[in-house]
Amino acid sequence: MSSEKKQIAIDFHVHVDERVKYMQIPSVLRSRGLNGAGLLTHNDFAFAKKVTDKFKAKDKEMVYLAGVEVDTADGHIIAYGINEEIPPNCPSEETLELIHDLGGVSIIPHPFMSHNSVGWKAYTLKADAMEFYNGFAKIFLNFPNIMAKVAFKHNGFSKIGGSDAHHVHAIGTCYSLVEIEGEVDEEKVLDALRNQKTQPKTKPIDQHDITNFFKIIFTPKEGRKVVRFLDYY
Numbered sequence: 000m001s002s003e004k005k006q007i008a009i010d011f012h013v014h015v016d017e018r019v020k021y022m023q024i025p026s027v028l029r030s031r032g033l034n035g036a037g038l039l040t041h042n043d044f045a046f047a048k049k050v051t052d053k054f055k056a057k058d059k060e061m062v063y064l065a066g067v068e069v070d071t072a073d074g075h076i077i078a079y080g081i082n083e084e085i086p087p088n089c090p091s092e093e094t095l096e097l098i099h100d101l102g103g104v105s106i107i108p109h110p111f112m113s114h115n116s117v118g119w120k121a122y123t124l125k126a127d128a129m130e131f132y133n134g135f136a137k138i139f140l141n142f143p144n145i146m147a148k149v150a151f152k153h154n155g156f157s158k159i160g161g162s163d164a165h166h167v168h169a170i171g172t173c174y175s176l177v178e179i180e181g182e183v184d185e186e187k188v189l190d191a192l193r194n195q196k197t198q199p200k201t202k203p204i205d206q207h208d209i210t211n212f213f214k215i216i217f218t219p220k221e222g223r224k225v226v227r228f229l230d231y232y
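With the first letter of the sequence shown counted as 1, position 142 gets the number 141 in numbering that gives the first Met the number 0; the numbers rise by one all the way through.
I should point out that these hints are in silico values taken from the structure, not numbers from a laboratory.
Treat the hints with care, as some may be off.
Straight-line distance between alpha carbons at most 30 Å, and here's what the computed DSSO-like set of lysine-lysine pairs gives [stated by the list, open to error]:
id, residue 1, residue 2
1, Lys5, Lys53
2, Lys5, Lys55
3, Lys120, Lys55
4, Lys20, Lys152
These figures come from a predicted structure and were not determined experimentally.
Start from the sequences, fold in the hints, and give me the full structure.
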């Protein structure tokens, strides 16, 4: 068995809820030069696992991780490597402890994205990884990503990128290079997240990002959700 080190490209933040044409995900990943994805739902691990298992059965070349983005009392936390539901609305410390007790990997996503983020509390949380590049943050001219990069540059988190895609067009806008030794499998990807063997990557802000930023800012509040999910995510 080869012990050669290699880097693979993973988008660790792809949603598979009802807004996503998720059966297109494998072909979109390939078209963007990615080797796999972390597949998430909000507070519904069972559905993410169902979709992930379907992909794994048909596609042995890509890496698919089943996960959940949990609403905690303090903001969102992502879990991978688990096999059961994580209850929502608990303190973030309890959520992280449960994820680790279940043998999972914990990620703090978009630490500075307003109401759904843990913010500065991340300094006190014992997570495995943090999202330094979030694709949705690019709509806000990258300010949340810049804040995360500056604030947590020297902390002990594995640093990752994820698109936060709620639409297939957004997949791969941010992603991670993952260092793997030997054959690629799910456990080695999870170990890389635990052991700081990841590099966050992002594509440059383009005209599409800037246009959608101003659409959201100047769209009445009741219409913003439509703009977000139909136009971009």
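Hint check:
1. Only pairs whose Cα atoms come within 30 Å are accepted, and Lys5 paired with Lys53 is accepted, the gap being roughly 26 Å.
2. Note on Lys5 and Lys55: the hinted pairing holds, with a Cα-Cα distance of about 21 Å set against a maximum of 30 Å.
3. Restraint check for Lys120 and Lys55: not satisfied, since their Cα atoms lie roughly 36 Å apart, outside the 30 Å limit.
4. As the CA atoms of Lys20 and Lys152 are separated by approximately 35 Å, the hinted pair breaks the 30 Å bound.
In this structure, the hints that do not hold are numbers 3 and 4, in rising order.
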